[in-house]
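With chain A held as given, fit chain B onto it using these hints.
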Amino acid sequence: MKTNDVILQTTAKVVFFIIFLFSIHIFFAGHYAPGGGFVGGLLTTGAIVLLLLAFDLRTIQQILPFNFTIMTAFGLLLALGTAAGSIFFNVPFFTHAFSDFDLPLFGHTSLHTAMLFDSGVYLVVVGSAITIIQSIGGDD
Amino acid sequence: MDLIADIIIVLLVTVGIIFTIVTVIGILRLPDVYTRAHAASKSATLGVMSLLLGVFLHFWWNEGHFSVALLLGIVFLFITSPIGGHLMTRAAYMSGVEPTKLTVGDDLKEAVKEQRKESDKNTPYDE
Numbered sequence: 001m002k003t004n005d006v007i008l009q010t011t012a013k014v015v016f017f018i019i020f021l022f023s024i025h026i027f028f029a030g031h032y033a034p035g036g037g038f039v040g041g042l043l044t045t046g047a048i049v050l051l052l053l054a055f056d057l058r059t060i061q062q063i064l065p066f067n068f069t070i071m072t073a074f075g076l077l078l079a080l081g082t083a084a085g086s087i088f089f090n091v092p093f094f095t096h097a098f099s100d101f102d103l104p105l106f107g108h109t110s111l112h113t114a115m116l117f118d119s120g121v122y123l124v125v126v127g128s129a130i131t132i133i134q135s136i137g138g139d140d
Numbered sequence: 001m002d003l004i005a006d007i008i009i010v011l012l013v014t015v016g017i018i019f020t021i022v023t024v025i026g027i028l029r030l031p032d033v034y035t036r037a038h039a040a041s042k043s044a045t046l047g048v049m050s051l052l053l054g055v056f057l058h059f060w061w062n063e064g065h066f067s068v069a070l071l072l073g074i075v076f077l078f079i080t081s082p083i084g085g086h087l088m089t090r091a092a093y094m095s096g097v098e099p100t101k102l103t104v105g106d107d108l109k110e111a112v113k114e115q116r117k118e119s120d121k122n123t124p125y126d127e
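Heads up: the sequence lines are chains A and B, in that order. Just so you know, we're using the working numbering here: the first sequence kicks off at 1 and counts up by one. Just so you know, we're using the working numbering here: the second sequence kicks off at 1 and counts up by one.
It is possible that part of the hints are untrue.
Computed spacing ranges between beta-carbons, pair by pair [to be verified]: (1) A:ILE7 / B:LEU102: 23 to 29 angstroms; (2) B:ILE18 / A:PHE93: 53 to 59 angstroms; (3) A:ILE132 / B:VAL112: 31 to 37 angstroms; (4) A:ILE87 / B:ALA69: 35 to 41 angstroms.
In silico EDC-like pairs for lysine to aspartate or glutamate, Cα to Cα no more than 20 angstroms straight-line [what the hints assert, rightly or not]: (5) B:LYS109 / B:GLU98; (6) B:LYS101 / B:ASP2; (7) B:LYS113 / A:ASP5; (8) B:LYS121 / B:ASP106; (9) B:LYS42 / B:GLU63; (10) B:LYS109 / A:ASP5.
Hint data in this document are derived by calculation from the structure and do not stem from the laboratory. Since we're looking at a predicted model, the values are computed, not measured. Each residue gets a CB set at the ideal place from its N, CA and C atoms; glycine is no exception.
With the rest of the complex left out, here is chain A:
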């Protein structure tokens, strides 16, 4: 029997954005507060899983047309590239660097290459978790 999911779907649409914004906040706050790439990635995965629960798999694949396997590979490449980039500046492998910049919208900001490594972790976590869930749930 087909049931009416209007309450769940409407709530999922609203709540998805709250969880997604909070995951972005957790990801960017990782250097100074609890959080980071792993927790942020898992929260983003949780938001997408909420959409998967409220709608069906094909709808979500249309809304988010990413290949999550390639996303995992890209994250690994980004992390490895950040770690390996230090070799070209004649410092040991995995040496990070940071500097202060005056960005147009953000003002005085300090940027750190650990952020790039964290982005890699984030992409790997989101990509692998969504790949696991989609391949388990996609068996018709």
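Structure of chain B alone, referenced to chain A:
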């Protein structure tokens, strides 16, 4: 001024804890899954929201830290907790959990029966 702030904070936290205890008593004493969900989803939501508001005001007035995450948590709980109760009771009803003997009327039973018949007619070989 500090005294008034502290009184408000203590009142909010106390109300939150009392509502949470009321929730537990309701879950233990009420007869069936629907009345228990009624106790759990309403009373616990208000209790935890009140507690979070007390914590938020404490950190804002006494520590000078405006925590947006706590406000977001209050909004989030207010949206999601009743939806959780709704989904659990509906899943219980659809899987045939009987309501308590004290129930006087059940309009949903007729509607579900009618819809089941309709969907059986449309897809005769399904299930």
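* To do: Take a quick look at whether LYS109 of chain B and ASP5 of chain A sit within 20 angstroms of each other, Cα to Cα.
  => This hinted pair holds, its Cα atoms lying about 18 angstroms apart.
* Holds or violated: 53 to 59 angstroms for the Cβ distance of ILE18 of chain B and PHE93 of chain A? -> At roughly 58 angstroms between Cβ atoms, PHE93 of chain A and ILE18 of chain B fall inside 53 to 59 angstroms, so the hint holds.
* Asked: Can the restraint linking LYS121 of chain B and ASP106 of chain B be considered satisfied, given a maximum Cα separation of 20 angstroms?
  -> violated, 24 angstroms
* Asked: Given the proposed pairing of LYS101 of chain B with ASP2 of chain B, does the C-alpha separation stay at or below 20 angstroms?
  -> Violated, at about 53 angstroms.
* Given the hint that LYS113 of chain B pairs with ASP5 of chain A, test it: the Cα-Cα distance must not exceed 20 angstroms. => holds, 18 angstroms
* Asked: Lying within 35 to 41 angstroms: is that true of the beta-carbon distance ILE87 of chain A to ALA69 of chain B?
  -> holds, 39 angstroms
* Measuring from beta carbon to beta carbon, are ILE132 of chain A and VAL112 of chain B in 31 to 37 angstroms? -> holds, 35 angstroms
* Asked: Holds or violated: LYS109 of chain B with GLU98 of chain B, Cα cutoff 20 angstroms?
  -> holds, 11 angstroms
* Could you grab the alpha-carbon distance between LYS42 of chain B and GLU63 of chain B and see if it respects the 20 angstroms cut-off? => With a Cα-Cα distance of about 31 angstroms, the restraint between LYS42 of chain B and GLU63 of chain B is violated, given a limit of 20 angstroms.
* Would you say the C-beta atoms of ILE7 of chain A and LEU102 of chain B sit inside 23 to 29 angstroms of each other? -> About 27 angstroms separates the Cβ atoms of ILE7 of chain A and LEU102 of chain B, which means 23 to 29 angstroms holds.
Of the numbered hints stated above, those contradicted by the structure are hints 6, 8, 9, listed in ascending order.
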